[in-house]
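Visitor: Read off the chains here:
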Amino acid sequence: MFIYVLKRLAEMIPVLLVVVVATFFLAHAVPGGPFDKERPMPAEVKKQVEAYYGLDQPLHVQLGNYIGNLAHGSLGPSMKYPGWTVNQIIGARIPVSVILGSLSLLIAILVGIPIGVIAASRPNTWMDRLPMGLALIGICVPSFVFGPLLALVFSLQLGWFPPCGWGSVSHLVLPSLALGLITAAPLARLTRGELMEVYTLDYVRTARAKGVSPTRVRFVHALRNGILPVVTYLGPAAAALVSGSFVVESLFDVPGVGRLFVTAIINRDVPVILGTTLLYAVALLCLNLVADLAKAALDPRTARDRR
Amino acid sequence: MSTALTNTSAPTETGWQRFQRDRTPVIALWFLVGVAALCFSSPLLTALHLLPDYKAQDLALGPVAPCAAHWLGTDLLGRDLLARLLQGGMISISVGLIATTVALFVGVIYGVVAAEIGGRFEDLAMRVVDIVSTLPLTLIVILCTVVFGQNIWMIFLAVGGVSWLTMARIVCTKTRSLKNRQFVEAAVALGQSRTGIVLRHYLPNLSGTIAVYATLTVPGVMLLEAFVSFLGLGVKSPMTSWGMMIKEGSDVMEQCPWLLFIPSVVFAGTLLSLSYLGDGLRDAFDPRTAKK
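Protein chains in written order, with my numbering: chain H, 12 to 318; chain R, 14 to 305.
Hint data in this document are derived by calculation from the structure and do not stem from the laboratory. In this text, a Cβ means the ideal position worked out from N, Cα and C, and glycines have one as well. Please note: incorrect hints may appear among the correct ones.
[Said to hold, decoys possible] Dumping the calculated EDC-like pairs for lysine to aspartate or glutamate here, alpha-carbon to alpha-carbon at most 20 Å:
1. K18/H with E261/R
2. K58/H with D47/H
3. K18/H with D71/R
4. K91/H with E55/H
[Unchecked claim] Derived coverage of chain H by chain R (criterion: at least 3 residues anywhere in the stretch with Cβ under 8 Å from a Cβ of chain R; other residues may be distant):
5. 27-40
6. 110-119
7. 147-153
8. 194-201
9. 287-294
10. 297-310
[Said to hold, decoys possible] Label-pair ranges, simulated between beta-carbon atoms:
11. L156/R with Y92/H: 51 to 61 Å
12. G84/H with L90/R: 34 to 44 Å
13. G178/H with R133/R: 23 to 33 Å
14. P69/H with V145/R: 20 to 30 Å
15. L304/H with R213/R: 26 to 36 Å
16. L160/H with L156/R: 50 to 60 Å
17. R133/R with P69/H: 27 to 37 Å
18. Q59/H with F118/R: 51 to 61 Å
19. L203/R with N98/H: 57 to 67 Å
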């Protein structure tokens, strides 16, 4: 187990390296630069600025320098916010996105999975149709509609929570609900679909026959077998949540990583693009590892090949 | 566990006959066929003067609520909403079809093959999925737009590029858990070939998960299309899509609610039918749930 985790962590290094190199060339191949403005910079000034950031050197030298700095833990200076390093910019935003993302993930799991379990226990009755209809609304309604609707009802009409901003617990409520409920919907559908199959298996019938309470059969016996695809889905979904959502962060004016990433692409701020991509990659790889470990614990058959 | 192979329905009944027995999925199928036919015949309807041109503006008219002249009302530039809805449907349905096809063929085959070969190959294959899902899609789309020009095909490329990833991951996990089941061991012991095991044992047991996840992919990619178009990289005005119409409608939801409401209802209705269809197909072709 310990060795397996170490092996997976070691595997991350080449994967991250490939991601860095590919993103580096992508970011440099895209036309337009961080210093392009409506009024062009005088040629001498531009040359000096580019020399300061090392942009006058050949690409492979720049890449070498970047990876060298990365090995020392430095993501380099931002080209759009002079005087700030990328570590500082991203570092200030990570806690915001992680707090918001974890809360949304918790909401998604606590709402989505029980709804799926309940719906699967009474297939094709109102206890199935009603929650699945609601889940479907959650899947179809995009966050750029759901977010403003939440703000309209709970903030402008009822005045319970602030419509946007960041800084107190009440600011967390609406954005985490928007993100969490939208993620809960696919979880509910996946859980229902899997459990419908598991409920037909012999061991579930045995558990019922020996008098285990129906709730315990559903949530303990059956869920453990039916949750594998849900956990697999949760790996990338959790990575997307903790590394920030552009739409929700923009709507509720939350200073998170998702907005930083899209702004950096629009600004062609290459070091920030690389930094945020790297952050997402690390989050994705780590959370997929967590998902794989969880799957191995839940279902030992998936752990390692016997054949 | 070995019940997976016991067939509980009448031996002469095909999956298709079982599918037709349940009414909801059949209605859903006809609804989808109807919507798609209507959307794809909209250029013909316009040519026959049965439908206004989707790009004909009437600035003096402006936005009007649904009325006799414009059944579904008009948008901010006075363009007929019904015509735009049908034109947008062509784009959105195509995006959904491409995504489903790629997810079903590339995603499922990739996942099953990776898990069946196993070992280092599987590790490598899953790391490739990790890398592809990490690369910033926006940058790739911008780059392709620069190289190939702003083109509707960019949308299909972007959608095809991402729709198989999570499907491959889910299929791989599920196959790995099937791999050690007794009925697969029995098939191996009986000398069943690897292809045979994949086709006769893995795919039927995966069908439920695949059907549910495929219906989850479609709304995701239709909204992804809206995001890419929102960045100015996909569908070019005056053309539109359902995702873009919902996006534009959400900006004016207090002044012209029908611009948000009507596209959302059509979008949701299509996806609702799609998921009922997915569930119906799953129930009909999965031998274990077939009896119900």
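Visitor: Run every hint past the structure and note whether it holds.
Guide: These are the hints, each one checked on the structure:
Distance check on the hinted pair: K18/H and E261/R sit about 48 Å apart at the alpha-carbon level, beyond 20 Å; violated. Among the hinted pairs, K58/H with D47/H is consistent with the structure: their alpha-carbon atoms are about 13 Å apart, no more than 20 Å. Restraint check for K18/H and D71/R: not satisfied, since their Cα atoms lie roughly 65 Å apart, outside the 20 Å limit. Of the supplied pair hints, the one linking K91/H and E55/H holds, its CA atoms being roughly 19 Å apart against a limit of 20 Å.
For the stretch 27-40 of chain H, the stated coverage by chain R holds: 7 residues have a C-beta nearer than 8 Å to a C-beta of that chain, and at least 3 were required. Taking a C-beta to C-beta cut-off of 8 Å, the stretch 110-119 of chain H contributes 0 residues in contact with chain R, too few for the three needed, and the coverage statement is violated. A count of 6 residues in the stretch 147-153 of chain H with a Cβ less than 8 Å from any Cβ of chain R is obtained; the coverage claim is therefore met, three being the minimum. A count of 3 residues in the stretch 194-201 of chain H with a Cβ less than 8 Å from any Cβ of chain R is obtained; the coverage claim is therefore met, three being the minimum.
Counting residues of the stretch 287-294 of chain H whose beta-carbon sits less than 8 Å from any beta-carbon of chain R gives 3, enough to reach three: the coverage restraint holds. Under the rule that three or more residues need a Cβ within less than 8 Å of chain R, the assignment of the stretch 297-310 of chain H holds, with 3 such residues. For L156/R paired with Y92/H, a C-beta distance near 25 Å fails the hint of 51 to 61 Å. For G84/H and L90/R, the hinted distance range of 34 to 44 Å is not satisfied, since their beta carbons lie about 53 Å from each other.
Between G178/H and R133/R the C-beta distance comes to about 49 Å, which lies outside the given range of 23 to 33 Å. Separated by about 28 Å at the C-beta atoms, P69/H and V145/R satisfy the suggested range of 20 to 30 Å. Take L304/H and R213/R: their Cβ atoms lie about 32 Å apart, and the range 26 to 36 Å holds. At about 35 Å, the CB distance of L160/H to L156/R disagrees with the hint of 50 to 60 Å.
Remark: the range hint 27 to 37 Å for R133/R to P69/H is upheld by a beta-carbon distance near 36 Å. Against the hinted window of 51 to 61 Å, the Cβ-Cβ separation of Q59/H and F118/R comes to about 53 Å, which satisfies the hint. A beta carbon spacing of about 60 Å between L203/R and N98/H agrees with the range 57 to 67 Å that was offered as a hint.
Hints 1, 3, 6, 11, 12, 13 and 16, counting from the list given before, are not met by this structure.
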